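Trainee: Now for the letters of each chain:
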Amino acid sequence: MKRKLLAMTLVGITATTMIMSGCGGNSDTKEEGGNEGSKKEEAAGEKDSGKEMTYWSMWNSTEGQAKVIQEAAEAYEKETGIHINIEWKGRDIKTLIGPALDAGEDVDFFDTDYMMLTQQNGKYLADLTDMAAAADYEKHIMPILLDNVKEWSDGALKAMPYQPYTTGVWYDKAMFEKAGVKETPETFDELLEVCEQLKKSSVNPMTCNSDGVTLLYGYQLARYVGQDKVLETLDNADWANVPEAKKAADDIRTLFDKGYMSEYAPANYPEGQNEIGFGESCMILNASWIPNEINQNTGATVDWGFFPWPSVEGGVDGPEASMVGSQGFGIVEKSEYKQEAFDFLLTVVTGDYDSKMAEAVASIPSDVENTKWPESVSGAEPYFKEMTKTYQWAVGLENNPTYKEILYDNLIKLTKLELDGQSFVDTMTAAK
Amino acid sequence: MKQNKKMIVCFLTPALIFFVAAFLYPICRTVVMSLFKVESISDPVGLWEFVGLSNFADLAETTIFQVAMINMLKIWLIGGILVLSVALLFAGILTSGIVGKNVYRAIIYVPNIINAVAMSTMWINYVYNKRFGLLHNFFTWIGADGLAKLDYMNGSLKFVSLLIAFCFGSVGYFMLIFMSGIEQIPGDVFEAATIDGAGKIKQFFTITCPLLKGTFKTCLTFWTVSVVGFFVWSQMWSAPLASEMSTITPFIYMYNVTFGTMGNVERNGGLGAAVGVVMALVVLVVFFVVGRLVKDDDLEL
Numbered sequence: 047m048k049r050k051l052l053a054m055t056l057v058g059i060t061a062t063t064m065i066m067s068g069c070g071g072n073s074d075t076k077e078e079g080g081n082e083g084s085k086k087e088e089a090a091g092e093k094d095s096g097k098e099m100t101y102w103s104m105w106n107s108t109e110g111q112a113k114v115i116q117e118a119a120e121a122y123e124k125e126t127g128i129h130i131n132i133e134w135k136g137r138d139i140k141t142l143i144g145p146a147l148d149a150g151e152d153v154d155f156f157d158t159d160y161m162m163l164t165q166q167n168g169k170y171l172a173d174l175t176d177m178a179a180a181a182d183y184e185k186h187i188m189p190i191l192l193d194n195v196k197e198w199s200d201g202a203l204k205a206m207p208y209q210p211y212t213t214g215v216w217y218d219k220a221m222f223e224k225a226g227v228k229e230t231p232e233t234f235d236e237l238l239e240v241c242e243q244l245k246k247s248s249v250n251p252m253t254c255n256s257d258g259v260t261l262l263y264g265y266q267l268a269r270y271v272g273q274d275k276v277l278e279t280l281d282n283a284d285w286a287n288v289p290e291a292k293k294a295a296d297d298i299r300t301l302f303d304k305g306y307m308s309e310y311a312p313a314n315y316p317e318g319q320n321e322i323g324f325g326e327s328c329m330i331l332n333a334s335w336i337p338n339e340i341n342q343n344t345g346a347t348v349d350w351g352f353f354p355w356p357s358v359e360g361g362v363d364g365p366e367a368s369m370v371g372s373q374g375f376g377i378v379e380k381s382e383y384k385q386e387a388f389d390f391l392l393t394v395v396t397g398d399y400d401s402k403m404a405e406a407v408a409s410i411p412s413d414v415e416n417t418k419w420p421e422s423v424s425g426a427e428p429y430f431k432e433m434t435k436t437y438q439w440a441v442g443l444e445n446n447p448t449y450k451e452i453l454y455d456n457l458i459k460l461t462k463l464e465l466d467g468q469s470f471v472d473t474m475t476a477a478k
Numbered sequence: 172m173k174q175n176k177k178m179i180v181c182f183l184t185p186a187l188i189f190f191v192a193a194f195l196y197p198i199c200r201t202v203v204m205s206l207f208k209v210e211s212i213s214d215p216v217g218l219w220e221f222v223g224l225s226n227f228a229d230l231a232e233t234t235i236f237q238v239a240m241i242n243m244l245k246i247w248l249i250g251g252i253l254v255l256s257v258a259l260l261f262a263g264i265l266t267s268g269i270v271g272k273n274v275y276r277a278i279i280y281v282p283n284i285i286n287a288v289a290m291s292t293m294w295i296n297y298v299y300n301k302r303f304g305l306l307h308n309f310f311t312w313i314g315a316d317g318l319a320k321l322d323y324m325n326g327s328l329k330f331v332s333l334l335i336a337f338c339f340g341s342v343g344y345f346m347l348i349f350m351s352g353i354e355q356i357p358g359d360v361f362e363a364a365t366i367d368g369a370g371k372i373k374q375f376f377t378i379t380c381p382l383l384k385g386t387f388k389t390c391l392t393f394w395t396v397s398v399v400g401f402f403v404w405s406q407m408w409s410a411p412l413a414s415e416m417s418t419i420t421p422f423i424y425m426y427n428v429t430f431g432t433m434g435n436v437e438r439n440g441g442l443g444a445a446v447g448v449v450m451a452l453v454v455l456v457v458f459f460v461v462g463r464l465v466k467d468d469d470l471e472l
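Going line by line, the protein sequences match chains P and B. First residue of the first sequence? That's 47 in this note's numbering, and the numbers climb one at a time after it. First residue of the second sequence? That's 172 in this note's numbering, and the numbers climb one at a time after it.
Next comes chain B alone, as it looks inside the complex (with noise of 0.2 Å):
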């Protein structure tokens, strides 16, 4: 029994110790930088200047900080719905004894492995540019010149291009996941209800669904924390402008405070700490509500 504590500790010690060197003291630190007005970043503790909680009063009141939120929710909220509806289409199709499941299913999630820059160059240059895109091109062909003179990347439809395009990205990881629950799913459920007369589309709603709720929940907590990271795609979308109206998220807000934009552009770390607290918390909201809303141990098999 000795010798297996002594054990324990040793090989959890270094993963305790690397737990709050990397995740534990900067997660502190930006707590409490967030009560501060901190010039640069890195700037030493006694520089710090005491302001309370005025930084989340200034970000209540500040309407591009209340912009990106709304941005960030349209993405969870419309993107959500479409990439796990679909995601989840797939998964079931997959699933269904289809021939070449694994060509269709390494296809789908392709998108996964590539860098996000370059797929946002791909879209931007081949599928939205409004000379030579695959859009206007296609309009083009079938004679609609007002549809193909559209411009995707600027004005009311560019928050609708960059939504599209991170979402047509993002199937592929939560289709695997949900294939791995239906195939968790025993056969001889899917076997009774076919003997039963049910069809396939009748399962799908009446056995599939119900049994992913677990696997739902997994998916959901995902795509948010996905979606409050999101930054790549969106600086993508301003470039070469630090950020814009439309596209817009707290995680670029939250690094043009901390960085600034420009050489007399007033920073702010402990506002962008401040922005990253929120957000945590907005993550530990949606991961408490969700967990209390789908109970996943309800059935069993």
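One chain only, chain P, in its complex shape (with noise of 0.2 Å):
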């Protein structure tokens, strides 16, 4: 009987629950209906098209950069009726996408790296070329961009470069003038002295993440021989035969054996870099994003300076040659709506929009026309608009998945003072 009574409740409860939660959602789901249509309707304004375009965004929704877009996306639909819906994948688009489109995902369009956009990505994507022409778009754009992604793509234009990023030196403007420095180094032996003279006002001249090695390794090689020769020499572990190898490895090493570099340096992810923002080092090695992240991390308002990486003795390249790269929009082919999403792109990449994304996030604004940089940035546009060769991220150093491994441990075992020049190139050519 007490079983029964005990079953009899449960029961009770369990349909109780059912039905109450099955209102709640019921009224839950309507309500939320009821919200978004009216938001969409007040968005869209008096136009309502009943179009809908698909977006897989390579940013997360708390990012500075997806705040803007969305903000730029509801314009569109007050201004077009166009509705955007916004898929925030975060970084592991580059592993979704291809199998997404392959898989007759509705995608229109998307974005990740330029690079990844247009090499691993291209065959899903439209040519925007009449489209670009029509609207005057080239002349918005940092040519040496558009170069690169129409020879990635055959001639075709693929891609809407945006947030282009170069990389150099970053430092803060305080220390070098309490350390007396009047000049930044053009050449690599200028960039020691610079170093002893802040060493000597007792901080650290430099530092580095463990992922900057890399970096530091493949500017200074370049500088010697060329980013063709560096990938020639890579491609076929000519080290032993490129006494330039030897050289700029005996270089980057005197950085850490004269105590240049901070004593946590190369130091993990984001420690190295935090360093400046804590005032306890000067310089780094790294891309235009870093002085926005330092501040961020660290809460500080650093006083940015930029300077190219030096040139060497002999060398062949000098502040004409810089990694630069950039995000990308890609159309894709099988949209219905290519016009409408080159449309709203351009909005996005160029104009008071594109103005905002530098803005909020300190970036390097992608339209030429836009001529105001944040200022923790500004200090590089003098030598962004010179630049006249573009590196690779890491002169290409990262290329190979069957070698940079062991590139990037001898290159720490380097740093750390365990192996010399000589030893480096000597480890490298036997990993062949």
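Bear in mind the hints are in silico, worked out from the structure with no lab data behind them. Heads up, a few of these hints could be off.
To be verified - Listed next, the in silico SDA-like pairs over lysine to any residue satisfying Cα-Cα at most 20 Å (straight line):
| # | chain 1 | residue 1 | chain 2 | residue 2 |
| --- | --- | --- | --- | --- |
| 1 | P | K462 | B | L318 |
| 2 | P | K462 | B | L321 |
| 3 | P | K462 | B | K320 |
| 4 | P | K459 | B | T234 |
| 5 | B | K320 | P | G272 |
| 6 | P | K459 | B | P411 |
| 7 | P | K459 | B | L328 |
| 8 | P | K459 | B | F361 |
| 9 | P | K462 | B | G326 |
| 10 | P | K169 | B | V216 |
| 11 | B | K301 | P | K418 |
| 12 | B | K371 | B | F361 |
| 13 | B | K301 | P | N343 |
| 14 | P | K418 | P | M188 |
| 15 | P | K459 | B | V216 |
| 16 | B | K320 | P | G305 |
| 17 | B | K208 | P | G168 |
| 18 | P | K459 | B | K320 |
| 19 | B | K301 | P | G325 |
| 20 | P | K462 | B | K371 |
| 21 | B | K208 | P | K418 |
| 22 | P | K459 | B | K301 |
| 23 | P | K293 | P | G325 |
| 24 | P | K246 | P | G305 |
| 25 | P | K169 | P | E197 |
| 26 | B | K301 | P | T344 |
| 27 | P | K459 | B | L412 |
| 28 | B | K301 | B | D322 |
| 29 | P | K462 | B | K301 |
| 30 | P | K169 | P | K196 |
| 31 | P | K169 | B | I212 |
| 32 | P | K169 | B | K208 |
If you're wondering where the values come from, they're calculated on a predicted model, not measured in any experiment.
Using the hints, put the two chains back together into the complex; each one sits in its own frame.
Mentor: The following block contains the structure:
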């Protein structure tokens, strides 16, 4: 009898819960639906085209870039009545987008690193050449980025670059001043002199994250022999026959050996870079997103200066050559709203929204007509505009998936002073 | 009887369809894919280029894959000895009638219910950090400045730091399996041993351990599967790099060659599939060898 009573009670509770949650669910859904509807109407203003585009984004919804894109999408909907359904995929988009498009997922446009966009996903993308010509789009974008995009797509324009970045040495101007450094170094020897001055003023002249060692060595070697020779050396593991490979290794080792690098460098990301925000170190070789990252991470308000990685005696490259890149939007060939997507993206990568995005995350504006750069990266502006040669990331040292870990491991050993220049070259040659 | 057959078909069909679609088809596709060069993992079969066994030959000659296999072997062997011994020890202690057994069991098991990303973040930032981590602060406190400056996240210590953190999180799971094995051993066996004068330690080595052969076999298989699938911890230890020598494992290598790490890096889904096939073979071999070496039916209780 007791069991029966217990069972009936349980059934009763379950049924009541189900009914209540069912009712609640319905009313919530209706309410949400109602809100969504009214929001849509509000956003659309008087227009409602009934069209909807889907955008897979490389950003997470909380990031500064995402907020600007969201705002641009709402403004576009208000103006045209076309709703943009945004799916914030984050950086995982690089593994998701190909299989999704192959499976017939309804995506109208997406974004990722512009090199990855064109070289790995180019087959899914529409050629935007005609639309770009009609909108006079190319005059807004830095020629060197457009040249890269076209080169990777056999002359077709399959990506709209935005949020370009450059690389070089970012430093704390106040520390330079305190150490009595008047001029930024143009040669590696001058860099060593600046480091000595900074060291005497009781700060670590330089710092780096552990992932920055390929940048250091890549830049130094490329200054001696240029990017093509670096790639050739890497592909053939021809380190022993390139004397500059040893020279560059010795140069980088000098920075660590003479105490010009922080005692913690190369530090685990982002501890190395944060040293500048904490006022312990002065310079770091990295990309133009680093000032914003450091300020955000440490709450510092560093007055940032910039100079390109210095040239070397007898070298072939100088400040005209730099690692640059950007993110890029691509419009899917199968989309039935290609023109609409292009029109929307034009509002994101040029004009006011481009300025807003640059300000939001202290990045370089992609529209060359947006001449006001955020203060923290403005030091790079004159060099960026005079740059004529682009390097790949780490001058291509991270390209080879079967070799890059070996190179990275030996560079860490070099910077930990476990290897000298010659043994670095010998180890790399042996690891072929 | 007819009714029963219908019922069997009705109940089994959905599971069978699910199994074929979710397991058998991907396995077959992966095995076939390993014989082709496939630029993108979702490319239609028409775009695949047949290369025979050359993906496997390439793997055998690739230094970084060999390094990844050695790393995996080290995790399996050193980590396995550590994890299974500590788990067995804890299981032995907790089943010996200790007061507060449930509390200790819960505490030791907790790391298993925390996401691997959160666990590794904790270890990287709060234990190994060379500026304010637990180890740094401890060694500074005892005045061992040299040890306080050790860099656990770079160079030769990186693999060790990864192994310790991973093992720490794995002990609880295997401890529970061992505990359930120990609890299945009839109490009168221990009672008789006690009467015969055997102490707890002697009982542990002469009764508990021999009677846990079957459980040990299960643990070894589970451990092998988890080590072969070693991925997240390694990625966390390498971030923001895709991978590095000291922490790369075969699955990380598979991910890199399948999806590419940079825009201009050549991808090969076939090579990735070949890694998957090799890893499956490793698990099968271990399963077979352990099955042959450890017989769990030679003792009847």
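Trainee: Hints first: check each against the structure and report whether it holds.
Mentor: Hint check:
1. Distance check on the hinted pair: K462/P and L318/B sit about 16 Å apart at the alpha-carbon level, within 20 Å; holds.
2. Annotation: proposed proximity of K462/P to L321/B holds, straight-line Cα distance about 12 Å (limit 20 Å).
3. Distance restraint check for K462/P and K320/B: the Cα-Cα separation of roughly 13 Å lies within the 20 Å cut-off, and the hinted pair is therefore satisfied.
4. Taken as a hint, the K459/P and T234/B pair is honoured in the structure, with Cα atoms around 18 Å apart against an allowance of 20 Å.
5. Taking the CA atoms of K320/B and G272/P, the gap is near 38 Å; set against the 20 Å cutoff, the hint is violated.
6. A hinted pair counts as satisfied when its Cα atoms are at most 20 Å apart, and K459/P with P411/B qualifies at roughly 19 Å.
7. Restraint check for K459/P and L328/B: satisfied, since their Cα atoms lie roughly 12 Å apart, inside the 20 Å limit.
8. This hinted pair does not check out: K459/P and F361/B have alpha carbons roughly 55 Å apart, beyond 20 Å.
9. For the given pair, K462/P sits about 8 Å from G326/B by alpha-carbon distance, which is consistent with the 20 Å threshold.
10. Distance hint between K169/P and V216/B is fulfilled; the C-alpha atoms sit about 16 Å from each other, no more than 20 Å.
11. Of the supplied pair hints, the one linking K301/B and K418/P is violated, its CA atoms being roughly 40 Å apart against a limit of 20 Å.
12. Restraint check: the Cα-Cα separation between K371/B and F361/B comes to about 9 Å, which is no more than 20 Å; the hinted pair holds.
13. With a CA separation close to 18 Å, the supplied pair K301/B and N343/P stays within the 20 Å bound.
14. For a cut-off of 20 Å, the pair hint linking K418/P to M188/P stands: about 15 Å separates their Cα positions.
15. Taking the CA atoms of K459/P and V216/B, the gap is near 44 Å; set against the 20 Å cutoff, the hint is violated.
16. About 16 Å separates the Cα atoms of K320/B and G305/P, which keeps this hinted pair within 20 Å; it holds.
17. Simply put, K208/B and G168/P have alpha-carbon atoms about 19 Å apart, close enough for the 20 Å limit, and the pair holds.
18. A hinted pair counts as satisfied when its Cα atoms are at most 20 Å apart, and K459/P with K320/B qualifies at roughly 17 Å.
19. A distance of roughly 18 Å separates the Cα atoms of K301/B and G325/P; the hinted pair therefore holds under the 20 Å criterion.
20. This hinted pair does not check out: K462/P and K371/B have alpha carbons roughly 50 Å apart, beyond 20 Å.
21. For the hint linking K208/B to K418/P, the alpha-carbon distance of about 48 Å lies beyond 20 Å, and the restraint is violated.
22. Under the criterion of a C-alpha separation no larger than 20 Å, the hint pairing K459/P with K301/B is consistent with the structure, at around 18 Å.
23. Restraint check: the Cα-Cα separation between K293/P and G325/P comes to about 32 Å, which exceeds 20 Å; the hinted pair is violated.
24. Straight-line distance between C-alpha atoms of K246/P and G305/P comes to about 11 Å, which keeps the hinted pair within the 20 Å bound.
25. A threshold of 20 Å between alpha carbons decides the hint, and for K169/P with E197/P the separation of about 15 Å falls inside it, so the pair holds.
26. With a CA separation close to 17 Å, the supplied pair K301/B and T344/P stays within the 20 Å bound.
27. For the suggested pair K459/P and L412/B, the alpha carbons sit about 17 Å apart, so the restraint of at most 20 Å is met.
28. This hinted pair checks out: K301/B and D322/B have alpha carbons roughly 6 Å apart, not beyond 20 Å.
29. Using a Cα cut-off of 20 Å, the hinted pair K462/P and K301/B holds, with the two alpha carbons roughly 15 Å apart.
30. Under the criterion of a C-alpha separation no larger than 20 Å, the hint pairing K169/P with K196/P is consistent with the structure, at around 14 Å.
31. With a CA separation close to 14 Å, the supplied pair K169/P and I212/B stays within the 20 Å bound.
32. With a C-alpha separation of about 18 Å, the suggested pair K169/P and K208/B falls inside the 20 Å cut-off, and the hint holds.
In summary, the structure is inconsistent with hints 5, 8, 11, 15, 20, 21 and 23 from the numbered list given earlier, while agreeing with the others.
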